[in-house]
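J.: The residues making up each chain are set out below.
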Amino acid sequence: AQSVTQPDIHITVSEGASLELRCNYSYGATPYLFWYVQSPGQGLQLLLKYFSGDTLVQGIKGFEAEFKRSQSSFNLRKPSVHWSDAAEYFCAVAPRSGTYKYIFGTGTRLKVLA
Amino acid sequence: DVKVTQSSRYLVKRTGEKVFLECVQDMDHENMFWYRQDPGLGLRLIYFSYDVKMKEKGDIPEGYSVSREKKERFSLILESASTNQTSMYLCASSLGQGALEQYFGPGTRLTVT
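These protein sequences, in sequence, are chains A and B. Residue numbering for the first sequence is 25 to 138, as defined by my numbering. Residue numbering for the second sequence is 17 to 129, as defined by my numbering.
Okay, chain A solo, but in the shape it has when bound:
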């Protein structure tokens, strides 16, 4: 079955520390890959996406993600976390053809300590 797994429900980091949020997917073929962020009381905002090409993708707010086909992973990273990064992060996949349906992970809630 197609699925997206975010194994960490909660992560706490200190401001200025590095961050890595994990995402693994199970899919028949390499899908399109996305990371979204949801700040408290807000909708989701796209951070970055991977369609093809360079497996290291740069996004907004200083985030990057690396696609590793062999591990079916698309982990999100940031070298130095800011207090404003506290939010919930969702990994999502979508098929390269056919329907427009995303499959979302269950989310990782990030807490940032001052």
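Hints listed in this document are in silico derivations from the structure and should not be mistaken for laboratory results. Ideal Cβ placement from N, Cα and C applies to all residues, glycine included. Heads up, some of the hints might be wrong.
Stretch by stretch, here's where chain B covers chain A in the computed footprint (C-beta under 8 angstroms, at least three residues) [stated by the list, open to error]:
(1) 66 to 79
(2) 125 to 132
One-sided excerpt, in silico: chain B residues whose CB lies under 10 angstroms from chain A [said to hold, decoys possible]:
(3) Y66
(4) G74
(5) Y80
(6) L116
(7) E117
(8) G123
List time: in silico EDC-like cross-link candidates among lysine to aspartate or glutamate, alpha-carbon distance up to 16 angstroms [to be verified]:
(9) A/K125 / B/D42
(10) B/K19 / B/D42
(11) A/K125 / B/D67
(12) B/K86 / B/E117
(13) A/K135 / B/D67
(14) A/K125 / B/E46
Put chain B on the given structure of chain A with help from the hints.
T.: Just chain B now, kept in the frame of chain A:
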């Protein structure tokens, strides 16, 4: 910037009431989506529409219906609200085929008592 607006941020309804959640996008997008967001479950697709008057069921359509009479507006209808429909509802839109980035509204937190 693409803007997706939802008619209410918070809504409280009674069991058995008919509930309408409205979503409007201002960027002429073909595709519109309704999701339900619950803690620990992520986002689950209820319905989506790829054209006016066209709709397809998502993963959890039971107890819901939708209407899309105009391109910019997509309504979610709870025919007879139940307490297990208490949730956050998110609307999203995206441009035509192949343009997969979805733009989300701020959400409606619905409580059914």
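J.: Starting from the hint list further up, note which numbers the structure goes against and sort them upward.
T.: Numbers 5, 9, 12, 13 - these are the hints that the structure violates, sorted from lowest upward.
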